[in-house]
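Colleague: From first to last, the protein sequence lines are chains A, B, C and D. The first sequence runs 1 to 380 under our numbering. The second sequence runs 1001 to 1380 under our numbering. The third sequence runs 2001 to 2326 under our numbering. The fourth sequence runs 3001 to 3326 under our numbering.
Check the hints yourself; a few may be wrong.
[As the list claims (entries may be wrong)] Taking lysine to aspartate or glutamate and the EDC-like style, the derived pairs with C-alpha atoms no more than 20 Å apart in a straight line are:
#: 1; chain 1: D; residue 1: Lys-3219; chain 2: B; residue 2: Glu-1153
#: 2; chain 1: C; residue 1: Lys-2219; chain 2: A; residue 2: Asp-277
#: 3; chain 1: B; residue 1: Lys-1266; chain 2: A; residue 2: Asp-277
#: 4; chain 1: D; residue 1: Lys-3219; chain 2: B; residue 2: Asp-1131
#: 5; chain 1: B; residue 1: Lys-1142; chain 2: B; residue 2: Glu-1153
Simulated from the structure, these hints should not be mistaken for lab results.
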Amino acid sequence: MDLSFTPAEEEFRDEARTWLAENVPAEPLASMDTPDGFEEHRAWEHILFDAGWAVVSWPERFGGREASLVEWLIFEEEYWASGAPGRVSSNGVSLLAPTVFDFGTSEQQDRFLRPMARGDEIWAQGWSEPDAGSDLAGIKTKAQRDGEHFVIEGQKTWCSRGAFADWFFCLVRTDPDSERHAGLSYLLVPADTEGLEARAIGRLDGEPGFAELFFDGARVHERYLLGGEGEGWAVAMATTGSERGLNLRAPGRFMAAADRLVDLYKELADSRGPDLDRRDQVVSAWMGSQAYRWQTYATEARLRGGAPIGSEASFMKVLWSELDVELHATALRLLGRDGERADSSWMDGYVFALSGPIYAGTNEIQRNIISERVLGLPRR
Amino acid sequence: MDLSFTPAEEEFRDEARTWLAENVPAEPLASMDTPDGFEEHRAWEHILFDAGWAVVSWPERFGGREASLVEWLIFEEEYWASGAPGRVSSNGVSLLAPTVFDFGTSEQQDRFLRPMARGDEIWAQGWSEPDAGSDLAGIKTKAQRDGEHFVIEGQKTWCSRGAFADWFFCLVRTDPDSERHAGLSYLLVPADTEGLEARAIGRLDGEPGFAELFFDGARVHERYLLGGEGEGWAVAMATTGSERGLNLRAPGRFMAAADRLVDLYKELADSRGPDLDRRDQVVSAWMGSQAYRWQTYATEARLRGGAPIGSEASFMKVLWSELDVELHATALRLLGRDGERADSSWMDGYVFALSGPIYAGTNEIQRNIISERVLGLPRR
Amino acid sequence: MDFSFSDDQIMFQEAVRDLLANECPPEVVREAWENDTGRTDGLWGALAEMGVVGMTAPESAGGLGMDETDLVLLLEEAGRAALPEPLLEHTAVGIPTLAEAGGAIAEAWLEQAVAGEATLGAGADGGYAVGAATSDLVLLIGDEIRAVPVAGASLVEHQSVDWSRRLFEVDGDEVVLDADPGLAFDRAAGAASAQCVGVAQHLLDATVEYVAQRYQFGKPVGSYQAVKHHLANAALKIEFARPAARHAAWCIAAGDPDRSRDVSLAKVLASEAVDLAARTALQCHGAIGYTFEYDLHLWMKRGWALSAAWGDAAWHRNRIAAALGI
Amino acid sequence: MDFSFSDDQIMFQEAVRDLLANECPPEVVREAWENDTGRTDGLWGALAEMGVVGMTAPESAGGLGMDETDLVLLLEEAGRAALPEPLLEHTAVGIPTLAEAGGAIAEAWLEQAVAGEATLGAGADGGYAVGAATSDLVLLIGDEIRAVPVAGASLVEHQSVDWSRRLFEVDGDEVVLDADPGLAFDRAAGAASAQCVGVAQHLLDATVEYVAQRYQFGKPVGSYQAVKHHLANAALKIEFARPAARHAAWCIAAGDPDRSRDVSLAKVLASEAVDLAARTALQCHGAIGYTFEYDLHLWMKRGWALSAAWGDAAWHRNRIAAALGI
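Chain A on its own, in the form it takes in the complex (with noise of 0.2 Å):
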């Protein structure tokens, strides 16, 4: 156990941290749920990915630069204390590029991976429906096979930045008798198909950060399916793996938050004199950071000594979740009077760590996997 970085470690983060500060946008991009904002958005990938910081563990053909889990996590660090802009193509990255590494033909991997990673190809998800939440087995839009081709009727919904996005990577019912697990598929679906209409739903702050995909015999060819036919369960638990795990919040996102909550506070206290009672529920998010770091590296070395991330995402997943939902809502209680404004970094932050504990399976459910496939309590 040695937890000082190693001098390689400090030189990849001192280049990302110079990098950052002599790239990153001086003013804060538009919001990436605006038609605007989201290509904004896309520039910026555009600009990561050719200095290589957009996807650093990826191997190099695809863009990446090989780093190790431990760069990937320092790398998260420096990207957000620096203040640089969101992820646009963070679902395509995070949820789908998982899975494209692991069921993915070459020529897939070939197709995709560099163009995801790029931002040329913005990536959304398209597995919820409007009966079929965290409940996912109980997906009924239909795939049915003609030829070479899928045929897709149905609707899916919640697709975050659907209105925007390139592609779609969606679970499909291909079997049309099957039941629950059984009988899905994993479909990647171009935006532009013809019987396929994305409609902007607005999101909790009124802006068009979510879609509903209406499927109206929409022609997919084979080559876009990712993974065997009727496999789509097991293929998208994998990437649930991801969603919940590593891959998705990396602490550093939330150890910047932690800390500008402290400048808030030490600014407000400057100015109206200290809140003490405030004051602990500061120290509480810093600590919830620190907790999830810490927790964060140790897990990298069980990953690295071979052993599964597996249900123990689940602890991640709820943490953050709740720990972003607390941070923020630490500073606009720090606000006060300010704290209701609409047009505050910390509301939006607000509003968007409020899906938190509810996307990628609820924390209800995180808490049911953690009791009964870590703690091994019996399912009934």
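Starting from the known structure of chain A, arrange chains B, C and D on it as the hints suggest.
Modeller: Okay, now just chains B, C and D, sitting in the frame of chain A:
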């Protein structure tokens, strides 16, 4: 709505306060969970009864003064504020007596109520069994009819102060072929019955505050059957209503504890300086006691208006039991290095409080009741 | 000690509840979110007609001579309907404060305000006055109460997360009122508490209804014990906040010496209740609750705003600590 | 950055776990509760034989030259077994502090202590020294470190809720050590954190085992979602406290500049974890957990005591706030 106390209520309060100031023992009594302390507390019940304060809301012929519910709440506020001893007869007075009033014959009322109120006969509850805790319908102890008698076989547990009590009120299965809620009866059993042995179990603090009861052919006359044979469940549930509701824990008890907590904070702040993080916990405890007070007076008005106490008693059970734990835990935290000492009244109170969320229906069951019976959520 | 309301009070509450159920459905609240004023088309007039708008004025000034114990149930209803009208600023704070001040300013404004012809605004000094642009006279409550006529005043607007709450910094010619600023502040905080309770109750009711009919994994979401206990916890908070808020109203009306402390008690409990109800409602609804098109957020955001307005939980906890001498 | 333990460290942990599983079952802990010393019959000797007792001393003094990163896993095991022996006072604090001080006092005591022939006690200055009566030299840690030989000292005993923790006020002839009191305090707080994690883990494991086999209403108590989520919450707290406690151990060993802040982080998380685990364990056990005869309370009370010892959560939160400059 007039939340001032009437002149008559104020007069009642003054009378109680004056009597208590003159009569409450200067030194705390020994723990009522020890043999000697039990008898000290019994003697105090005699004094209370003889002065007319043991059961203020009861009819005069049983030793009460027919006080209103508001007056009873006032009495409790004054009683606990005065630092008076715990009530060793409370299981009988709070849990059994309402049932005797509702289901007892007039002979039973005449036989049992006064001695119960005076502490001449102190009662313990014999409901739980090793395999029937929260799930009372799982009771196995059998009472087989033999002419005018019932012959009891089986085992009860968690009888508070059962090693010292004079009588037990028991729930037993009089129909050997019955299951669950059917076929139970409510029997009153003298402690000196042949074939009944009470063995002390140590409570969390090591004191013999619990007992197990072993019935081996104990014969009880049918005149000690409360309510109809086989109707024990309905009879018992009426008592459960009292146990969870107004009768068991009046707000006065927690208001007094919260006031003592505030005093403790002040005393320690004088000697060690203020401690603002912990101050907030003191405020929370004080607020809880006040919230409970106003909710109780509001409930009193509803009851007076003819509404049943019903499932809303579950709200009160959850509130007071969790408040009691927090209040004492806060005190132990305030005490710092002395918090782990066994010889403090706060530690005694903490250990006692910890039983609150468990007994009389765990708080998990109370939350089920709130969600199913008050909010109307589906049972399954 | 009698916590029951009179038949008249209950009837008044029911009349207002019926009015709001009919005239203030979510579509109407949404209109107020989108329009220029943040207010509804005809609701303030309808409330004036019922006597609600001026109820807290003495009968001599055309009011109903009612006090906070009469008003508290109506404030709960306003919260339950997410009513975007200045019942707090105008009726709970403005009118009784003007009546207390008397003199020329009351002469000039009180009767018009009671009749609903002039609207009174209110804000904490150094904070924002909600809806100042649609008010005629704004009371800024700090160490003293400054009354600022809106005509001629400079207004700087800020956007609230609740789009029906138009936030204004107000600056203009002012008159210092001869009225107790502590009492006026407590009137506002007390009224906000009652509204929080109403908002929280709606959030709970709407969520109970939703989870009872939404199925996941083959059974109603509301049959899962985790969901049940979330909702039971929200119900617990509301159950104990409501009597505290009503008691606070009585303390204000009766001039109880512990008024400030007990208003703070109410505001803490009500703020915490509505915060928990909002979190719980969103979590139990899942993704649909997270959309702008679904109505839930109208109440959620009202709850966030009211919970922070007129002293949030931490501010009032500090005031309680001071009252307890710790 | 490498959070993995070496094979040697894991083997040492397993050896100690096996020893404690065999030699420190609940009956042995109960004996320590009831006897004159609060300690076990042979366990300290067995630990000395394994090298545990003196492991933190330099090899030149007969120790194993190990540091906090080697010790932390053993402290977790000590917590898991509710070991009533002075691993914290003697091995985690006493020996490295004496070694640091050097000079005559180390000359006089260190080798004996390493061999397990003399026992070192420790207490916060103005607080209690646990087990002082069975120690030979007690270190009182405040603004400076005062070493008091027990022979000839006056001891005033107080009863802890954990009967194996004999609490003593110590007064006697003293030597001020040439060692850093802040470091010694952090060693104690860090060791308490690791023990808290172990205690919490046992409480969780024992409860999981109990609720899986206890039936109520026709199914295992552990199949109720409310019980599951209680236990998941306790598991969450432990999952995040453990790496923090191990990181704190590394900070002490490595002389990290943020040592004090990060020891406080560990102590807060570990104290809160064991507090929640104790509450959860009792609640999920129900009445049986509330009895003296059932073993659960041995860990519950150890948890209460350790959570409060060497700075409770509030004290360490304050220290973190100070380190953050707020």
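Colleague: Can you list which hints this structure breaks, lowest number first?
Modeller: 1, 2
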